[in-house]
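Student: Chains E and S, in that order, give the protein sequences.
In this text, residue positions in the first sequence follow the numbering used here: the first is 1, and each later residue adds one.
In this text, residue positions in the second sequence follow the numbering used here: the first is 150, and each later residue adds one.
The set of hints was computed from the structure by calculation and includes no laboratory data.
Incorrect hints may appear among the rest.
As the list claims (entries may be wrong) - Footprint (simulated), chain S over chain E, 3 or more residues, beta carbon under 8 Å:
(1) 4-10
(2) 39-52
(3) 58-65
(4) 120-127
As the list claims (entries may be wrong) - Listed next, with one range per pair, are the computed distances between beta-carbon atoms:
(5) Arg175(S) - Leu13(E): 35 to 43 Å
(6) Leu488(S) - Glu108(E): 37 to 45 Å
(7) Arg492(S) - Gln76(E): 55 to 63 Å
(8) Leu13(E) - Arg492(S): 17 to 25 Å
(9) Arg492(S) - Ala84(E): 42 to 50 Å
(10) Tyr216(S) - Lys17(E): 53 to 61 Å
(11) Leu13(E) - Arg277(S): 53 to 61 Å
(12) Leu411(S) - Ser62(E): 38 to 46 Å
(13) Gly542(S) - Glu108(E): 37 to 45 Å
(14) Glu108(E) - Arg176(S): 29 to 37 Å
(15) Arg353(S) - Gln76(E): 30 to 38 Å
(16) Leu488(S) - Asp3(E): 47 to 55 Å
(17) Gln419(S) - Ala84(E): 51 to 59 Å
(18) Tyr216(S) - Lys88(E): 32 to 40 Å
Keep in mind it's a predicted model, so treat the numbers as computed, not measured.
The beta-carbon is built from N, C-alpha and C at its ideal position, and this holds for glycine as well.
Each chain is listed here by its residues.
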Amino acid sequence: MADLRDLYQEVILEHSKQPRNYRELGDANHKAEGYNPLCGDHFTVYLKLAGEKIQDVSFQGSGCAISKASASMMTQSVKGKTMAEAEKIFRQFHGLVTGAEHNGSQEELGKLAVFSGVSEFPVRVKCATLAWHTLHAALEGKQEAVSTE
Amino acid sequence: MTTAPNTYTDLRPSGPAPTDAGYDVRRVRRDFPILAQKIHGKPLVYLDNAATTQKPQQVLDAIARYYSEDNANVHRGVHLLSERATEAYERARTIAQNFLNAARPEEIIFVRGTTEAINLVAQTYGRRNLAAGDEIIITAMEHHSNIVPWQMLCEEKGARLRVVPINDRGELQLEEYEKLLGPKTKLVAMGHVSNALGTINPVRRIIELAHQQGVPVLVDGAQAAPRMKVDVRELDADFYAFSGHKIYGPTGIGVLYGKASLLEAMPPYQGGGDMISSVTFEKTLYNKLPHKFEAGTPHMEGAIGLGAALDYVNRLGMENITAHEQDVLAYATEKVAALPGVRLIGTARQKTGVLSFVLEPIHPHDIGTILDQEGIAIRTGHHCAQPVMLRFGVPATARASFGLYNTREDVDALVRGLNRVREVFA
Ligand SMILES: Cc1ncc(COP(=O)(O)O)c(C=O)c1O
Numbered sequence: 001m002a003d004l005r006d007l008y009q010e011v012i013l014e015h016s017k018q019p020r021n022y023r024e025l026g027d028a029n030h031k032a033e034g035y036n037p038l039c040g041d042h043f044t045v046y047l048k049l050a051g052e053k054i055q056d057v058s059f060q061g062s063g064c065a066i067s068k069a070s071a072s073m074m075t076q077s078v079k080g081k082t083m084a085e086a087e088k089i090f091r092q093f094h095g096l097v098t099g100a101e102h103n104g105s106q107e108e109l110g111k112l113a114v115f116s117g118v119s120e121f122p123v124r125v126k127c128a129t130l131a132w133h134t135l136h137a138a139l140e141g142k143q144e145a146v147s148t149e
Numbered sequence: 150m151t152t153a154p155n156t157y158t159d160l161r162p163s164g165p166a167p168t169d170a171g172y173d174v175r176r177v178r179r180d181f182p183i184l185a186q187k188i189h190g191k192p193l194v195y196l197d198n199a200a201t202t203q204k205p206q207q208v209l210d211a212i213a214r215y216y217s218e219d220n221a222n223v224h225r226g227v228h229l230l231s232e233r234a235t236e237a238y239e240r241a242r243t244i245a246q247n248f249l250n251a252a253r254p255e256e257i258i259f260v261r262g263t264t265e266a267i268n269l270v271a272q273t274y275g276r277r278n279l280a281a282g283d284e285i286i287i288t289a290m291e292h293h294s295n296i297v298p299w300q301m302l303c304e305e306k307g308a309r310l311r312v313v314p315i316n317d318r319g320e321l322q323l324e325e326y327e328k329l330l331g332p333k334t335k336l337v338a339m340g341h342v343s344n345a346l347g348t349i350n351p352v353r354r355i356i357e358l359a360h361q362q363g364v365p366v367l368v369d370g371a372q373a374a375p376r377m378k379v380d381v382r383e384l385d386a387d388f389y390a391f392s393g394h395k396i397y398g399p400t401g402i403g404v405l406y407g408k409a410s411l412l413e414a415m416p417p418y419q420g421g422g423d424m425i426s427s428v429t430f431e432k433t434l435y436n437k438l439p440h441k442f443e444a445g446t447p448h449m450e451g452a453i454g455l456g457a458a459l460d461y462v463n464r465l466g467m468e469n470i471t472a473h474e475q476d477v478l479a480y481a482t483e484k485v486a487a488l489p490g491v492r493l494i495g496t497a498r499q500k501t502g503v504l505s506f507v508l509e510p511i512h513p514h515d516i517g518t519i520l521d522q523e524g525i526a527i528r529t530g531h532h533c534a535q536p537v538m539l540r541f542g543v544p545a546t547a548r549a550s551f552g553l554y555n556t557r558e559d560v561d562a563l564v565r566g567l568n569r570v571r572e573v574f575a
């Protein structure tokens with residue numbers, strides 16, 4: 001049986017209550033909006049790219065504990081990374097929360113491993129990945145809001 | 150000859166009927182096999198009845214019996230099975246007619262559900278009668294299915310959608326409605342009971358005011374029909390829609406009631422078999438009511454299941470169901486409102502069935518997941534009523550909605566579950 005504590009890990013709860021990099025980025029040169037129409041989660045991800053490098057990243061918006069903590073920890077993990085590195089972390093993170101990549105490499109995930117419990121709660125996968133999809137859109141410079149539906 | 154169809158109306162709840170002394174909810178629960186199961190190791194507490202209801206054995210049996218004994222296409226065959234299937238299907242129509250107290254059976258059109266009923270009226274009555282500059286009045290608490298079909302129509306016709314606002318309790322502002330009603334108004338479409346707030350709207354008065362201006366009214370009864378006595382003649386409703394699956398019947402079936410005079414004048418909805426009386430390549434003559442609006446092989450199993458569900462509800466007695474649900478709602482309102490951090494969304498003086506709330510600062514989605522682990526099924530989200538969420542300044546709510554089998558113990562379980570939510574987020 002899935003255990004709630006696996007989903008709502010202390011770290012996750014803590015990030016949801018006090019999200020990091022939760023602000024508008026004045027000198028952002030990329031930004032994207034993402035929403036999950038089903039539950040009303042809505043985030044904006046701001047990026048300051050210098051060439052291939054993510055010099056700064058932040059987010060704002062509202063959502064459930066999982067989506068907010070995921071956004072918060074995402075900003076921490078991709079800051080200072082190259083675009084390609086960030087996309088790679090996203091792929092590994094996606095594998096982790098969908099339970100699809102048990103044997104795949106997850107060495108880049110670091111602290112993000114606390115989200116492994118999400119794979120036991122399939123309806124919450126969209127919550128955990130919303131900020132990442134939004135980041136992806138921001139990296140690609142897409143103008144349209146992304147939706148998890 | 151064996152006339153099996155008679156058995157469709159003989160579907161009493163197991164055990165003696167409830168007496169005047171009270172409504173025996175324990176006995177009622179035994180009719181619903183799904184309720185006996187465990188979810189994540191805990192007894193199921195099903196509080197998502199505004200989304201869909203569970204089905205009593207009597208409905209399941211009626212459907213199984215139809216397929217085991219009477220299945221054939223309706224209105225077509227000369228053979229006995231077709232006759233029996235037709236009889237069973239048309240009997241379901243009569244049951245629905247009596248349920249709504251409609252004057253004639255042909256005023257009952259079987260559709261897929263409330264959504265299709267509204268679209269039918271928009272695409273037939275609406276397209277025929279609306280022109281550029283005309284107006285349709287809806288309210289700020291409508292379900293998306295009573296917003297979007299009208300928006301589509303307005304866009305096509307260059308007509309305008311007017312919205313009656315609601316107050317902070319979630320009640321309709323009738324004075325504003327009266328101001329909106331005018332010579333441009335061609336139709337009023339309004340929910341009887343709000344699925345997001347539980348508000349019971351004063352539809353009798355709304356209809357009276359509209360009729361003073363010669364404007365017809367469509368009532369979305371998806372949430373009212375399962376919870377309160379509906380009498381379309383007493384209301385003088387022009388159209389009334391409800392869904393089978395929300396009233397303990399199957400999915401994929403619902404009812405559009407329309408006054409015969411209006412239905413007669415409307416063009417057909419879809420073309421096909423059953424809705425015609427003769428077809429040549431030069432000219433097709435449409436069938437009479439209700440068949441004009443029921444193109445193709447209908448959802449026979451659905452109609453028969455719906456008939457069984459309405460019989461079931463009738464046997465329990467709508468007054469008893471209403472009183473029972475009011476008791477559970479009042480109890481739940483008191484218990485849930487007393488929890489720290491709870492804000493009720495929708496506190497109308499006339500309410501039924503639905504308890505929408507937020508538990509700040511915890512997001513409804515997290516509440517839903519944690520309650521599910523406790524075996525408690527509620528709905529979280531915008532409930533297909535995004536304008537309502539906007540009005541109350543919340544992205545989503547948690548919603549417990551009650552049915553005829555819910556108990557005060559279910560509410561106690563909900564309160565324990567909500568305390569658990571608060572512990573997790575403490
Ligand atoms: C008030 C109201 N109107 C309309 C609908 C649409 O009903 P259905 O999805 O059965 O067509 C619903 C249910 O979702 C509802 O609650």
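Student: For a quick check of understanding: which of the numbered hints are violated here, in increasing order?
Tutor: Hints 7, 14, 15, 16, 18 are the ones this structure does not satisfy, whereas the remaining hints hold.
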